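Asker: Spelled out, the chains give:
2 protein chains.
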Amino acid sequence: MRIAFDAHGGDHAPDAVTEAVRLAASEWPDTTFILIGRDESLLPEGVPNLEFRRVSEQIEADDEPVKAVRRKKDSSIVVGCQMVKKREADAFISGGNTGALMAAGLFYTGRIKGVDRPALAPVFPTLSGKGMLVLDVGANPEARPEHLRQYACMGSIYVEKVLGYTKPRVGLLNIGTEVGKGTELAKEAFALLEKEKSIHFIGNIEARDVLSGPCDVLVCDGFSGNILLKNTEGVAKAIFDRLKQEFTRNLSAKLAAAILKPRLKRFKEEMDYTEHGGAPLLGLAGPVIKAHGSSDAKAFFNAARQARLFVERGVIAEIEHELTQQEELTSK
Amino acid sequence: MRIAFDAHGGDHAPDAVTEAVRLAASEWPDTTFILIGRDESLLPEGVPNLEFRRVSEQIEADDEPVKAVRRKKDSSIVVGCQMVKKREADAFISGGNTGALMAAGLFYTGRIKGVDRPALAPVFPTLSGKGMLVLDVGANPEARPEHLRQYACMGSIYVEKVLGYTKPRVGLLNIGTEVGKGTELAKEAFALLEKEKSIHFIGNIEARDVLSGPCDVLVCDGFSGNILLKNTEGVAKAIFDRLKQEFTRNLSAKLAAAILKPRLKRFKEEMDYTEHGGAPLLGLAGPVIKAHGSSDAKAFFNAARQARLFVERGVIAEIEHELTQQEELTSK
Numbered sequence: 001m002r003i004a005f006d007a008h009g010g011d012h013a014p015d016a017v018t019e020a021v022r023l024a025a026s027e028w029p030d031t032t033f034i035l036i037g038r039d040e041s042l043l044p045e046g047v048p049n050l051e052f053r054r055v056s057e058q059i060e061a062d063d064e065p066v067k068a069v070r071r072k073k074d075s076s077i078v079v080g081c082q083m084v085k086k087r088e089a090d091a092f093i094s095g096g097n098t099g100a101l102m103a104a105g106l107f108y109t110g111r112i113k114g115v116d117r118p119a120l121a122p123v124f125p126t127l128s129g130k131g132m133l134v135l136d137v138g139a140n141p142e143a144r145p146e147h148l149r150q151y152a153c154m155g156s157i158y159v160e161k162v163l164g165y166t167k168p169r170v171g172l173l174n175i176g177t178e179v180g181k182g183t184e185l186a187k188e189a190f191a192l193l194e195k196e197k198s199i200h201f202i203g204n205i206e207a208r209d210v211l212s213g214p215c216d217v218l219v220c221d222g223f224s225g226n227i228l229l230k231n232t233e234g235v236a237k238a239i240f241d242r243l244k245q246e247f248t249r250n251l252s253a254k255l256a257a258a259i260l261k262p263r264l265k266r267f268k269e270e271m272d273y274t275e276h277g278g279a280p281l282l283g284l285a286g287p288v289i290k291a292h293g294s295s296d297a298k299a300f301f302n303a304a305r306q307a308r309l310f311v312e313r314g315v316i317a318e319i320e321h322e323l324t325q326q327e328e329l330t331s332k
Numbered sequence: 001m002r003i004a005f006d007a008h009g010g011d012h013a014p015d016a017v018t019e020a021v022r023l024a025a026s027e028w029p030d031t032t033f034i035l036i037g038r039d040e041s042l043l044p045e046g047v048p049n050l051e052f053r054r055v056s057e058q059i060e061a062d063d064e065p066v067k068a069v070r071r072k073k074d075s076s077i078v079v080g081c082q083m084v085k086k087r088e089a090d091a092f093i094s095g096g097n098t099g100a101l102m103a104a105g106l107f108y109t110g111r112i113k114g115v116d117r118p119a120l121a122p123v124f125p126t127l128s129g130k131g132m133l134v135l136d137v138g139a140n141p142e143a144r145p146e147h148l149r150q151y152a153c154m155g156s157i158y159v160e161k162v163l164g165y166t167k168p169r170v171g172l173l174n175i176g177t178e179v180g181k182g183t184e185l186a187k188e189a190f191a192l193l194e195k196e197k198s199i200h201f202i203g204n205i206e207a208r209d210v211l212s213g214p215c216d217v218l219v220c221d222g223f224s225g226n227i228l229l230k231n232t233e234g235v236a237k238a239i240f241d242r243l244k245q246e247f248t249r250n251l252s253a254k255l256a257a258a259i260l261k262p263r264l265k266r267f268k269e270e271m272d273y274t275e276h277g278g279a280p281l282l283g284l285a286g287p288v289i290k291a292h293g294s295s296d297a298k299a300f301f302n303a304a305r306q307a308r309l310f311v312e313r314g315v316i317a318e319i320e321h322e323l324t325q326q327e328e329l330t331s332k
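One line per chain: the protein sequences are A and B, in this order. Be aware that the first sequence starts at 1, since it is given in this note's numbering, and climbs by one per residue. Be aware that the second sequence starts at 1, since it is given in this note's numbering, and climbs by one per residue.
In short, the hints are calculated from the structure, not lab data. From a predicted model like this one, the values you see are computed outputs, not experimental measurements. A couple of the hints might just be wrong.
Label-pair distances were calculated between CB atoms; the ranges are [to be verified]:
| no. | chain 1 | residue 1 | chain 2 | residue 2 | range |
| --- | --- | --- | --- | --- | --- |
| 1 | B | Arg71 | A | Gly314 | 51 to 57 Å |
| 2 | B | Arg38 | A | Lys254 | 51 to 57 Å |
| 3 | B | Leu255 | A | His200 | 45 to 51 Å |
| 4 | A | Lys254 | B | Lys67 | 53 to 59 Å |
| 5 | A | Gly314 | B | Leu251 | 50 to 56 Å |
| 6 | A | Arg313 | B | Arg305 | 39 to 45 Å |
| 7 | A | Lys167 | B | Gly293 | 33 to 39 Å |
| 8 | A | Asp39 | B | Thr177 | 27 to 33 Å |
| 9 | B | Gly164 | A | Arg305 | 52 to 58 Å |
| 10 | A | Gly110 | B | Gly180 | 24 to 30 Å |
Idealized CB from N, CA, C, for every residue including glycine.
Given only the sequences and the hints, what does the whole structure look like? Please build it.
Answerer: This is the structure:
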C-alpha cells in the first residue's frame, strides 16, 4: 500500500508531517509513505519505506480554493489528488486548505459513480468516547434531499468498515425530534431516509444532543453541519480557556487545579477531534483525507492508520456498489 | 403599565411564576401584573398591583402548536396573546410551548406592519458578559434574504432600546468570514445587509466565535439559528456535567473542587441564558416574550424587567416606523 502525505498542510507542517511519516513508516513496514513537498531535505533519511515527491508550488491557507487549484498545478494538494487518481498512491492525506483539497479532489480525483456530491465527514468526539461521523460539514453549503440520502449511505459504509460499528445508527440533524419538523429539505430527506433499506435510520437528532452520541452517522446539509462543527469546537474551546483562566487566578486556585489537572487533561483529550484521524472526503473516487489544520504528529499518524483501513476495507468499491445498484433499481 | 404572565408555562410553573409576579409587583408598584391561570388560589394575597385572569384550558409542552392554539381558545397562551392585541395588557410573558406561543402570537396578536415574519430572538450569553441577540432561532425554519434584512433591522432597534447598546454591530451567521461564502440565501442576505443604511453591518460571523460576542445582533435563518442555540446549550451543559462528575470522583478531587467551586459557579451563571430574561417574538404587533422552559422565579422576574423596557422604550412603534418607511421608499 502507498499513502501520500502533503508536507505543507496544517499549522504544524512540515515538522508534524515529517515526524508522522517517520513513525508511520516504522509502525507499518508493509506500507510506503510518500511525502509530497518542496524540499527533499524534509524526508527523514535511511527509512526504506519512505519516498519523496518534489513539487514546486504551494497552496496557502488563505488562497481562494478554485483559483489556487487551477493555477498551482504543481502544488502538493493538486499532485496528491492526481496521484490517487493515477493509482500512484492508494490514499492522500492533507492538513492544508480545506476548500482547495475539495476542489482538487473533484477536479483531479473525481467522484465515485452514483455519487452526486462528495461530503466532508469528520468524526465528532462524543462523551462515550465512541465518536460520531457527521456529514456534510461544508463541502457543499447547499444540498438536496437525494444528496442527504447519499451521505447517509456513504457514512454508514464508512463507519462500519473503518470505525468497526455494527449496524450503525443514522440520524438526521433537525430542529426537533418529531416527524414533520424543519425545512422542506429536512422533511423530504426524512422521507427518503425512512425508505432507504441499506441503512438503519433512527430519526431526527437535535443539536443539543450531539455530544452524547445519539447516533453513529449524523446527516445534514453542509451549511448546518459546518455551523454544528465550528460551534461545538468554539464553545468547548471557550469554556476550557476560561476554566484555565479561573484556575490560575491565585495560589489556592492553582494548587486546587493542580490536583484536578490529570482529570481535566483526560477529558480535554477525549474531546479532541484529532484523536480519530482526519475527515474523509466521502464520495471521491479515491481515499482523500482532510487532517485538522491544528494536527500534530500524533494526529497525522492517526490519519495514516485511518487511511490504511479506508483502503484495506474497500470502502470506495462498497460505496460504488451500493449507490450504483440503487441507481439501477431506480431506473428500472 | 400592565404585564400579563402565563401561570402555567415552564418546568417550574406555576410556583416560579407566582413568586416572580410577587417580587415584580413589589419592585415596580407603578405596574400591574396579571397572572393568567386556571386556579385563582395561585395569586398571592393582599398585593394591590396583582390581578388574576381565569382560564379553563391549558396548552401542554407536547401539544401540536397550531392545533392546540386553534382548539384551546381559553388557554393562558391564547388569552395572553389576545390581551396584548386588545390592549388589556401591554406585554405578555410565557415559559410554555414555544411553537404554540408563536402560533398564538401570529393568529391573535398579529404582525407589525412591514414585517413579513416575526422572529424568536434570545440573548446568547457571551464571555464578555454583554450578551448578543440572535434571530431567528426557529420561529421560521426557512427564510428569504428579505426576511434576514428585516430581522437585522428589528434586532438592531431592540438591542439599542432594551439592552442599551449604542450603534449595535450586526453580523450574519455564515460558514466563513470572507465575502461570497455560504448558501445563496447567505450571499443574497449579505448583499442586502451591506446596503441597509439603518444598521451597522460588520459582515459574516462564524459559529466558532459566538461565545466571544463578535457582534451585538446575529442574523440567521431559523434552522441554523436553532442549531446554534441548542448546540451551544448542549455542549456547555455536557461539559459542565462532565466536570462535576470528574470533580466528585474521590476525596482529593472533591476537596480541590470545593476551592474552585465559587469560580465555577460564577462562570456557569454568566453562561446562563435566563440572566437576560426571555426571548422576544420580534415582529409581533405587541411585546410577547418567551421565557426559557427551565426558568426559575429570578428568570421570570428578569423577563418582567425586560418587558417594562420593551414597552417604555416604544420598540414596536420604532420597528413599524423603520420598516414601513423603507417599504414606502422601495415602492416609490
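Asker: For every hint, state whether the structure bears it out.
Answerer: Here is what the structure says about each hint:
Hint check: B:Arg71 to A:Gly314, Cβ distance near 56 Å, so the stated range 51 to 57 Å holds. Between B:Arg38 and A:Lys254 the C-beta distance comes to about 54 Å, which sits within the given range of 51 to 57 Å. Checked against the hint of 45 to 51 Å, the pair B:Leu255 and A:His200 passes, with Cβ atoms roughly 46 Å apart. Range check, A:Lys254 to B:Lys67: about 57 Å between beta-carbon atoms, so the 53 to 59 Å window is met.
For the pair A:Gly314 and B:Leu251, the beta carbons lie near 52 Å from each other, so the given range of 50 to 56 Å is met. Checked against the given bound of 39 to 45 Å, the beta carbons of A:Arg313 and B:Arg305, roughly 59 Å apart, lie outside it. Against the hinted window of 33 to 39 Å, the Cβ-Cβ separation of A:Lys167 and B:Gly293 comes to about 34 Å, which satisfies the hint. Roughly 32 Å separates the CB atoms of A:Asp39 and B:Thr177, a value that falls within the hinted 27 to 33 Å.
Range check, B:Gly164 to A:Arg305: Cβ separation about 54 Å, and the 52 to 58 Å hint holds. Taking 24 to 30 Å as the suggested C-beta distance range, the pair A:Gly110 and B:Gly180 conforms, at roughly 26 Å.
In terms of the numbered hints stated before, the structure departs from hint 6 and from no other.
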